[in-house]
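There are 2 protein chains.
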Amino acid sequence: MFKDLGVQPYTFPMPVLLIATYNEDGSVDVMNMAWGGVCAENMVALNLDEDHKTSRNLKARGAFTLSIADLPHIREADFFGIATGNKMKDKFERSGLHAQKSARVDAPVVEEFPLTLECKVVECQHTVYGFRVLGEIVNVLADEKVLDEKGKVDPARLNAFVFDPFRSGYYAIGEKVGQAWHTGAELVKK
Amino acid sequence: MFKDLGVQPYTFPMPVLLIATYNEDGSVDVMNMAWGGVCAENMVALNLDEDHKTSRNLKARGAFTLSIADLPHIREADFFGIATGNKMKDKFERSGLHAQKSARVDAPVVEEFPLTLECKVVECQHTVYGFRVLGEIVNVLADEKVLDEKGKVDPARLNAFVFDPFRSGYYAIGEKVGQAWHTGAELVKK
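Chains as they are written, first to last, in numbering that gives the first Met the number 0: chain A, 0 to 189; chain B, 0 to 189.
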């Protein structure tokens, strides 16, 4: 039996992604985003409110980085979604995390997060629903700790977590349950 | 130490979402998508290749549904990402799943998936990177089994899983590890 829940922004899982930009004075701003991610082989889409400090920063600098939050820094990642850089001038400092300048784009790389996409702003759009930023991925930086012996990212080592839009919980990633393009292959031959 | 991985479509976790549409003869087509999801309170964005059967169907009918795959149907969900409705005329039939017509939009609702967004096509765009569809969420349907005593979706009951773009694995959702806007709240007061 299906029950109607009305109009709700309910896809699951949602990622916990951190957008890092430079403020006008060169200090670091970081915000937490669930509504966005990869939209092409070399592109990401961010769906933001235009009044975020991040939105102004990435229009001014034409660049941002996008990091995956990990469990050891869940407290900081959540904080980046509560506090606003518009009002809290020392937001990044308070987190206790550290950043270095990206070698490729005019944006900071948060050193504690395990995986970071370095991105150039390609397009800022005012869409029918709000502000949307397209970023070109110019490189991905991975902490060596999350790489397997072949140099590939091992999702189990990322310690990433998931956002639930139903009750605003965070959930860990569980065990491996299948392999894409294999798990359902027998139905193709049926 | 960071290592450069080059240009890669690496955000994590990615969802496993199923787009269901009607073919021109009224039969059902379903495809599996990782690049898309909620972009506003009442909207979703789909990033697709325009030559998918799904793309043609949703242009013709102006509607689709978007479902969350669950572990009991991981085999079928993966199959929907392998086979193409352009070549396999009985794709949905082979999956063994069932569909009913949505009461609100001109698209099928797959009965076995636990949560489904009923969507109207708002915009089909040719962007700098490819084909993008904006859908307005007109209702969310939830299987009663995934609702808690207050009628809210319980993520643990969804049995959803995650796609990993690094090694194409599927992972279960793990235990609850935090609560948004609480886990990092002490840093705000610091």
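If you are wondering where the hints come from, they were derived from the structure by calculation, not from laboratory data.
Treat the hints with care, as some may be off.
[To be verified] Restraint-style ranges between C-beta atoms, simulated for each label pair:
| hint | chain 1 | residue 1 | chain 2 | residue 2 | range |
| --- | --- | --- | --- | --- | --- |
| 1 | A | ARG156 | B | GLN124 | 29 to 39 Å |
| 2 | A | ASP153 | B | GLU185 | 53 to 63 Å |
| 3 | B | GLU23 | A | GLU110 | 29 to 39 Å |
[What the hints assert, rightly or not] Below 25 Å or equal to it, Euclidean Cα-Cα: the simulated PhoX-like pairs (lysine-lysine) are:
| hint | chain 1 | residue 1 | chain 2 | residue 2 |
| --- | --- | --- | --- | --- |
| 4 | A | LYS2 | B | LYS151 |
| 5 | B | LYS151 | A | LYS188 |
| 6 | A | LYS149 | A | LYS119 |
| 7 | B | LYS86 | B | LYS52 |
Backbone N, C-alpha and C fix where the C-beta goes; we use that ideal spot for every residue, glycine too.
Here is how each hint holds up against the structure:
| no. | hint | verdict |
| --- | --- | --- |
| 1 | A/ARG156 - B/GLN124: 29 to 39 Å | holds, 37 Å |
| 2 | A/ASP153 - B/GLU185: 53 to 63 Å | violated, 32 Å |
| 3 | B/GLU23 - A/GLU110: 29 to 39 Å | violated, 54 Å |
| 4 | A/LYS2 - B/LYS151 | holds, 11 Å |
| 5 | B/LYS151 - A/LYS188 | violated, 39 Å |
| 6 | A/LYS149 - A/LYS119 | violated, 28 Å |
| 7 | B/LYS86 - B/LYS52 | holds, 9 Å |
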